[in-house]
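If you count the sequence shown from 1, position 378 lands on 378 in the UniProt record's numbering, and the numbers rise without skipping.
By construction, these hints were calculated from the structure, which means they are not laboratory data. Where hints are given, some of them may not hold.
[Stated by the list, open to error] Straight line, CA to CA, 30 Å or less: simulated DSSO-like cross-link-like pairs of lysine-lysine:
no., residue 1, residue 2
1, Lys-306, Lys-450
2, Lys-306, Lys-382
3, Lys-29, Lys-152
4, Lys-450, Lys-277
5, Lys-277, Lys-306
6, Lys-306, Lys-185
7, Lys-29, Lys-277
8, Lys-152, Lys-185
9, Lys-277, Lys-383
Nothing here was measured: the structure is a model prediction, and the numbers come from that model.
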Amino acid sequence: MSGPRHDPSLYRDRDVVPVRRALLSVSDKTDLLDLAGALAEAGVEIVSTGSTASTIRDAGFAVTDVASVTGFAEALDGRVKTLHPAVHAGLLADLRLEHHEAQLTELGISPFELVVVNLYPFAATVASGAPAADIVEQIDIGGPAMVRASAKNHANVAIVVDPSAYGEVIEAVRAGGTSLRLRQKLATLAFEHTASYDLGVSTWFTENVYDQWDDTFAADAVETDDDESEVEYAPSIFVDADLAAVLRYGENSHQAAGLYRVEGESGIAQATQLHGKEMSYNNYVDADAAVRAAYDFSEPAVAIIKHANPCGIALAAVDAVDAIASAHERAHACDPVSAYGGVIAANRVVTRAMAETVAGIFTEVLVAPGFEPEALEILTAKKNIRLLTLPDDFERESDEIRQISGGFLVQEADAHFAPFDSWTLAAGEPVDDATRRDLEFAWTAVRAVKSNAILLASGGASVGVGMGQVNRVDSCELAVTRAGDRAEGSVAASDAFFPFADGAEILLRAGVRAIVQPGGSIRDDEVVAAAVAAGVTMYFTGERHFFH
């Protein structure tokens, strides 16, 4: 992820390049006429293509059609128009070299000092749901060729791919020409632009063509060693993200950090901040964990997170007048000490009643799909709380990528919960409906807890959480200790099997009335025997929810 640094002395002998001739061909016409007007005012010859030329001409500015430069009319429905030596020789000529200059003269070709190109709207066409034939037609060929040629020849040519750079370029043209520093910066952005564009095309083909041609690609696919797995992974993965913010620091004050956003995604990175100080690295990590936990439920739910672990998860009380306010109150009651300075996520719009409660608790971040006007008025009076709204099209990631030294791990997101009807009754009597609902809640909620994970619940709310311990016994002790008297009559969920009966015995002595766990230990018989001896029901789900 690093490489040799660029030599700042490179091309120093051609620092400022006056702009005499410019090639403009843009799909995005934002501020195009401002640029064209400034170039015309500076006496720059404008060469252009298709609709770009028409737009400039209709505004009253002189423009030369590219066809008159190439002597070749646009062909194949516009697929061929700039792919011509008369264009590319003018882009690639290195005028520091005498023989390049002589060849241009011999060929009767004039160089370009400025190229302004942005590419066909491929990503927007994909997002629109257009048919495959229309999407393929938006794969730009001539545009990337011009961008890359100009960027390669940045000693002589300034390449602009984004209207946001027009102002800086206009200033440079008026001041006498583009500097090497500016051309290097623009070239860097240009190569990033084409790389991102190609990645979008590659990703679309991988997701929409690769999967349909299993036989063709079978030799290239990488399969797991698990014979039961039918998942195939593409031979390569690429991550394309844009810097959205430089954060104050990372996990600790001596670490630098930044936020990058992936275009087209819709998660916590794309959330809109309505109020409060800038988000920190830790704020984002905890907010993501909180959203992950709250959105595991379809019912109104609230999760409170501290250092990436839940200190409270709850659904609304059955008779609640205000569901989301009730869910928050019950989640907070699980561990009020840990909830101080926590991060809250709600999976419903925050109401006035919830806002009034939150306002009395020191909270770092509150993220939700929205806020009632009165709730927003109450919360914005608290200067330290950060308020975030999730995008309207927020959705959970289907895959997760984690960086390790030298590479990445990729896995399907853990979004499956074995339904109650698939569980195996391992000990005791079948439970009543209320206990079943508590067990289902606990089994869903425990997924958000770092392993080894134990969660005690009652009435659709957590009452004790034991997390992140290196053995399950300690997690059980922690959950019971935090629950206190509330452990009596609660249900318990364990994210993985009990390797020995000792962990389960801690829960049984605390008075839990039912336990749900994956099962699968070589000592399951001992664990089941302990539950039978205590007269407690135990279910096996056959699946685990490790979360590291």
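So, going through the hints one by one against the coordinates:
no. : hint                 : result
1   : Lys-306 with Lys-450 : holds (12 Å)
2   : Lys-306 with Lys-382 : holds (20 Å)
3   : Lys-29 with Lys-152  : holds (24 Å)
4   : Lys-450 with Lys-277 : holds (28 Å)
5   : Lys-277 with Lys-306 : holds (18 Å)
6   : Lys-306 with Lys-185 : violated (41 Å)
7   : Lys-29 with Lys-277  : violated (36 Å)
8   : Lys-152 with Lys-185 : holds (12 Å)
9   : Lys-277 with Lys-383 : holds (8 Å)
Figure legend: structure checked against the earlier numbered hints; hints not met, in rising order: 6 and 7.
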